[in-house]
Amino acid sequence: MRARTPDYAGFIGRNGVRTAYEVHGEGEPTILLVPPSPITHSRCWKGQVHHLARHFRVVTMDGRGNGLSDRPRGDGAYLPTEIADDVIAVLEAVSATKAVLVAHCHANYWTFMAAAARPDLISGVVAIAPGIPGLGDPNPNWIEVARHWDEDPDSPEGWLMCNPAYWRKGGYENWIRFWFDTLGVEPHSTKPVEDMVGWALETDPESMIQGDEEEAPGASTEKSEELCRSLRCRVLVLHGSEDRCQMPSRGRRVSELTNGRFVLMKGVGHLAPGREPVLVNRHITSFVNSLRGTPMQTRTWTRGSSRPRKALYVSSPIGLGHARRDVAIASELSQLNPDLQIEWLAQSPVTEVLEANNQTIHPASQWLASESEHWASEATGHELNAFQALRRMDEILVANFMIFQEVVEDGAYDLVIADEAWDIDHFWHENPELKRGSHVWMTDFVGFLPMPDGGEREAYLTTDYNAEMIEHIARFPRIRDRSIFVGNPDDVIPASFGPGLPDIRQWTTEHFAFSGYVTGFTPPQEDDIAGIREELGYGDDERVCLVTVGGSGVGKALLEKVIQAFPYAVKEVPDLRMVVVAGPRIAPDSLPVPEGVEVVGYVDGLHRHLSVCDLAVVQGGLTTTMELVASRRPFVYFPLKNHFEQSQHVRYRLERHRAGHRMEFEGSDPEDIASAMIAELTQEIDYLPVETDGAERAARLISDLI
Amino acid sequence: MRPRSPDREDFIVRDGIKIAFSVYENDRPTILLMPTWSIIHSRHWKAQVPYLARHFRVVTFDGRGNGRSDRPGYSGYYTDHEFVADALGVLDATETREAVLAGVSLGAHWALLLAGLFPTRAAGVVCIGPTTALANLPHPNRTGVSFEEPLAQNDGWAMYNSYFWRQRYPDFAEFFFSQVFSETHSTRQREDAVGWAMETDPETLITIERADRFDAEVATAARQGIRCPILVIHGTDDHITPHQAGVTLAQAVGGELLSIEGSGHLPQARDPVRVNLAIKEFIDRMVVPA
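Protein sequences, first through last, are from chains V and X.
Residues 1 to 706 in my numbering are what the first sequence spells out, letter by letter.
Residues 1001 to 1290 in my numbering are what the second sequence spells out, letter by letter.
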């Protein structure tokens, strides 16, 4: 899912060629993000749009030859002057009166031409790895490409795959994959490289060939110098020191000629907007702010000794599970530290739990891009590839990190508590100078694990992600002041992070403190169960089976299948009563119901129902299953297919507790499910006990830091 | 030892009165650090000079009545007009066409007069704990105390009295700076300020107290003449000029306001890091980088 959808979109047409644009947000100036087309399109700015649109009006465009724009074939359709005129036409179409242009690579040639032509309209240019021809050192690889451009090689390799005849013979994709692999010099760049390859494959060789041949006809060093010197606006140049496409000396020369500011990003390659989104976003924002002049503003800075102690609690909204445990930990923390102010940066469905518990929600929470909707969008039927879904959440994670960072820079927090807030942990390690306050990282699993369906590629990727995390922590131990594993050392799966990497349990034991499990509630005592059942309307002459898939929209397929099992089960267990909890996101009346089955929507305090039921049928999420373990209830669970956490981490923990009957959704027909239900009903419970002091232990571990 | 020595120290002479100034050279824009009430002198910027001088050209001068400047014995030499004229004289003598001005307390008043009456000379003004006729709100602690009449009791603000100064000036200075630095653990800042106060004398301060100040018409003309950005920095625990004066001033001149929660009257001395960063950021946003 995208972090932000446009407020409106449209096309401009010039000489019969349509160029698509999108508009996000409002305010002056207008920031136009210009992609280097046709090799890519506006999505290459996915790490920028959400952040910039919170501060300015952002316009993106697809250059000719890719995205939603036309792929013209007429002579001269890809000339720089044409696209520069498209840029100006887009600004006029959105009625911009003051604009800043941001461009990458050769798109800077167009923005410079536009800025030279319209100094009245364009007040600044951000040039990322600017491809202004003839300036700085030439790239010897491009010289070689040009030398062989008109040849027809049989099986070219490396840079020589950049060849029209080869592309027309089907070699275009080989070239694209090679080239972006070459540009993604930073370790752990798989996602930005995949993104760039995908967008490059949305154009076609003919557009690429014409785009290359018309990229800079008649260009010379003198003309480029004249163009740069003619700019009347302010210029910021960002250039990676490891750029394999545009030499850094070119960016430096551009800054000299334009009297601009040059920022060398050391260790960074050509794909900075995707690979270093936080850095690029912050540079663009401060540049544009410097152009806006001084708005009247009022700020307060509080002397250290006058400050109340403050914590910012960030609770993952992926699944509903974290909210209750985090509220329980926060409550223990407040008891230990009565003067501690706790604020929450959180989104639905966590915010509903927080509001019900009178917690303080930071107003910036309203800007967060929805993570739970992203997860719902990633699920089909009973399948959700959690690892790939997390990877594809990269755009939302950047967007939400930028909000978080503004909140901590403004809020003078002593402490940040991040319960599986992946964005904070990742981007603070990537941008360690941005850390504010102490940081407590909490999680209930460690290590991405590949699923068999993902094949070698997924195994490679999970290893890469684990390696990056391990390297982060080895290089910057100061970023996580404390890591808390919500569970016990024996709950950690004894598996490997991947080839050449440590054992997960050993590494976790060395790097984490253990709070024990945190259910967020006290399971009922044996003597209380009858009373609670009566209160909830469950008789002692019936056996109540609760069926639930939690608060997400994922799981309708499971509910339907379990409902179909009821007629088989009730034959053997005549006093069986099945209550299906559809949850807030599945309409109860959308489920076909046989006689004897009740379907309800949202159930307040579902964990209390679960704690006194006779049987539960659930998904494989940790929170619900561990509630059942803590309450010592029999249950059948169905891990989501290809969900590594449910299928491996949670499964391991449940098996250790000798709890639950695991089934695969696929291949289990209703009769199988009925048999499993009946078997569970008669099962003797000998679960390992679940501690009840986890929240307090977690709070004590956190308290050490304040 | 001082962390940064001036590159040039010199005097201007106006009407035979010598005004001492210092220049810390840099090829960046100039910031002129104004004097304040002459109970102290230019060393009250000691926590700013080394830092600002790494980023800007810094000019300071001692206000007439303290430091290395003369101490004329006639109130007509201490009017607002004279202090502003001294500042202009120092700008001229240092060949500074335009400068950012920064002033603490009364120094902010003179900086605002200069910026409003001579707008081409001021690129911006930083007002710290401003005590100015552009937003004149005396602290309630200080009202109703006679300066000229002998008082039976000289407790607290009743020490702000010419008779008391002649008899027990050091006690007044101790009291005054205990009010200025209302923050806990301010012993060093109080000692500094009392020490600078001992470099002048009660007669000079009494002469200064009797000078014309805070002309309403001049203040109005200045407020209307201001063209440059203004930053107001004001502590919320200011016992000399209430925080509300800074709020009112920022509104009156369309300036920015940085409130410092828990800070007293001279945050540039007591919270130097925050003030230094705020000044630098203010100038950086205003000045086109080279």
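Note that these hints are calculated values from the structure, not bench results.
Any given hint could be a false lead.
[Claimed, not checked] Pair ranges (Cβ atoms, derived): (1) E471/V <-> S1178/X: 52 to 60 Å; (2) T360/V <-> G1254/X: 41 to 49 Å; (3) H1185/X <-> D604/V: 46 to 54 Å; (4) E226/V <-> S1005/X: 45 to 53 Å; (5) M1198/X <-> R478/V: 41 to 49 Å.
[Claimed, not checked] Lysine to any residue pairs mimicking SDA-like chemistry, simulated, CA-CA at most 25 Å apart: (6) K1280/X <-> S290/V; (7) K98/V <-> D1237/X; (8) K310/V <-> V1273/X; (9) K435/V <-> C1228/X; (10) K1280/X <-> F178/V; (11) K266/V <-> D453/V; (12) K1280/X <-> D137/V; (13) K435/V <-> I1012/X; (14) K191/V <-> D453/V; (15) K1280/X <-> N431/V; (16) K266/V <-> T380/V; (17) K1280/X <-> T298/V; (18) K1046/X <-> S305/V; (19) K556/V <-> T380/V; (20) K310/V <-> C1228/X; (21) K1280/X <-> T300/V; (22) K310/V <-> K1280/X.
[Said to hold, decoys possible] Listed below are several chain X residues computed to face chain V (Cβ distance under 10 Å; list not exhaustive): (23) E1025; (24) D1027; (25) P1029; (26) R1168; (27) E1183; (28) T1184; (29) H1185; (30) G1235; (31) R1270; (32) P1272; (33) D1284.
We treat Cβ as the ideally placed atom computed from N, Cα and C, and that holds for glycine.
Given a hinted range of 46 to 54 Å, is it respected by the beta-carbon distance of H1185/X and D604/V?
-> holds (52 Å)
Hint status (Cβ of H1185/X to nearest Cβ of chain V, threshold 10 Å) = holds (8 Å)
Hey, K1280/X versus F178/V, does the alpha-carbon distance stay inside 25 Å?
-> Not OK: K1280/X and F178/V at ~47 Å, beyond 25 Å, violated.
Given the hinted pair K1046/X and S305/V, is their alpha-carbon gap at most 25 Å?
-> Within the cut-off at roughly 23 Å; holds.
Would you settle whether the hint for D1284/X is holds or violated, based on the nearest Cβ-Cβ distance to chain V being less than 10 Å?
-> holds (8 Å)
Hint consistency between K556/V and T380/V [alpha-carbon to alpha-carbon, up to 25 Å] = It holds: about 10 Å lies between the C-alpha atoms, which stays within 25 Å.
Does the CB of R1168/X sit less than 10 Å away from some CB of chain V?
-> violated (32 Å)
Cβ distance range 52 to 60 Å for E471/V and S1178/X, holds or violated = Once the Cβ atoms are compared, 55 Å apart, the range 52 to 60 Å for S1178/X and E471/V holds.
Could you grab the alpha-carbon distance between K310/V and C1228/X and see if it respects the 25 Å cut-off?
-> violated (38 Å)
Mind checking the CB of E1025/X against every CB in chain V and telling me if the closest is under 10 Å?
-> violated (24 Å)
Let me know if the C-beta of E1183/X comes in closer than 10 Å to any C-beta of chain V, holds or violated.
-> holds (7 Å)
Verify the interface restraint on T1184/X: the C-beta must sit less than 10 Å from at least one C-beta of chain V.
-> Interface hint status for T1184/X: holds (7 Å vs cutoff 10 Å).
Checked against the numbered hints above, the structure violates hints 2, 7, 9, 10, 11, 12, 13, 16, 20, 22, 23, 24, 25, 26, 32; every other hint is satisfied.
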